[in-house]
Amino acid sequence: MEYSIDARFVNNQLGIRIHFLTTINASDYDEALLFQEELLAGFHRMKWEDSFVAQIENLDNNEQLRNLKYEEMDQLALDSDNTLIVEQFFLDDPDQSKSVIENYIQNVQKEGKHDMKYSSRKYEIPIRVKDLNTGKRITGEFSCLRIEQLIPKSL
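Per the working numbering, the sequence shown starts with residue 47, numbered consecutively.
Be aware that one or more of the hints could be misleading.
Straight-line Cα separation of at most 30 Å, BS3-like style, residue types lysine-lysine; simulated pairs [what the hints assert, rightly or not]:
#1 Lys156 / Lys93
#2 Lys182 / Lys93
#3 Lys168 / Lys93
#4 Lys176 / Lys93
#5 Lys168 / Lys182
#6 Lys156 / Lys144
#7 Lys199 / Lys156
#8 Lys93 / Lys199
#9 Lys168 / Lys199
#10 Lys144 / Lys168
#11 Lys144 / Lys199
#12 Lys182 / Lys144
#13 Lys168 / Lys156
#14 Lys144 / Lys176
What the hints contain is simulated information worked out from the structure, not anything from laboratory work.
Please model the entire structure based on the sequences and the hints provided.
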């Protein structure tokens, strides 16, 4: 099933608002929601967001909505010179409050496990960055944001 994730978050310390829209394939709504929660956990680890709002919509049974979301994504890509790079890591029972390296070290220290699978697939999502006070677009300063998405191996 195809879902769209339309997300906006604020970083008060930097005085910015970030918006992105992407689509994902998931087996059901719960899996799409989990994907979104893992993204949010990545932002938490980076201390990147002070508030986060996201909407998930199923695009499979509504051609009009699908077309609208793809038009919005195309427009966002045209309006943006900033990118969010999402790197996926598959771990046994990851602690979402820790980075991938911290999880790896914890597994080695506790259980002697050296198995961590890194997905070669990265998502590059165009993002729009705006000044929180003026609403004006910011280009170049945040050309590439990178977050880690920690995914339980069981999925």
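Here's how the hints hold up against the structure:
1. Lys156 / Lys93: Given that 30 Å is the threshold and the Cα spacing comes to 27 Å, the pair holds.
2. Lys182 / Lys93: Satisfied, since the Cα-Cα distance of roughly 23 Å is no more than 30 Å.
3. Lys168 / Lys93: Status holds; Cα separation ~21 Å.
4. Lys176 / Lys93: Status holds; Cα separation ~18 Å.
5. Lys168 / Lys182: holds, 29 Å
6. Lys156 / Lys144: holds, 15 Å
7. Lys199 / Lys156: holds, 18 Å
8. Lys93 / Lys199: Distance ~25 Å between lysine 93 and lysine 199 Cα, so the pair holds.
9. Lys168 / Lys199: Answer holds: lysine 168 to lysine 199 is near 17 Å, not above 30 Å.
10. Lys144 / Lys168: Satisfied, since the Cα-Cα distance of roughly 20 Å is no more than 30 Å.
11. Lys144 / Lys199: Roughly 16 Å between the alpha carbons, so the hint for lysine 144 and lysine 199 holds.
12. Lys182 / Lys144: Cα-Cα ~33 Å, so violated.
13. Lys168 / Lys156: Holds: lysine 168 and lysine 156 sit about 29 Å apart, inside 30 Å.
14. Lys144 / Lys176: holds, 28 Å
When each numbered hint is compared with the structure, a violation occurs for hint 12 only.
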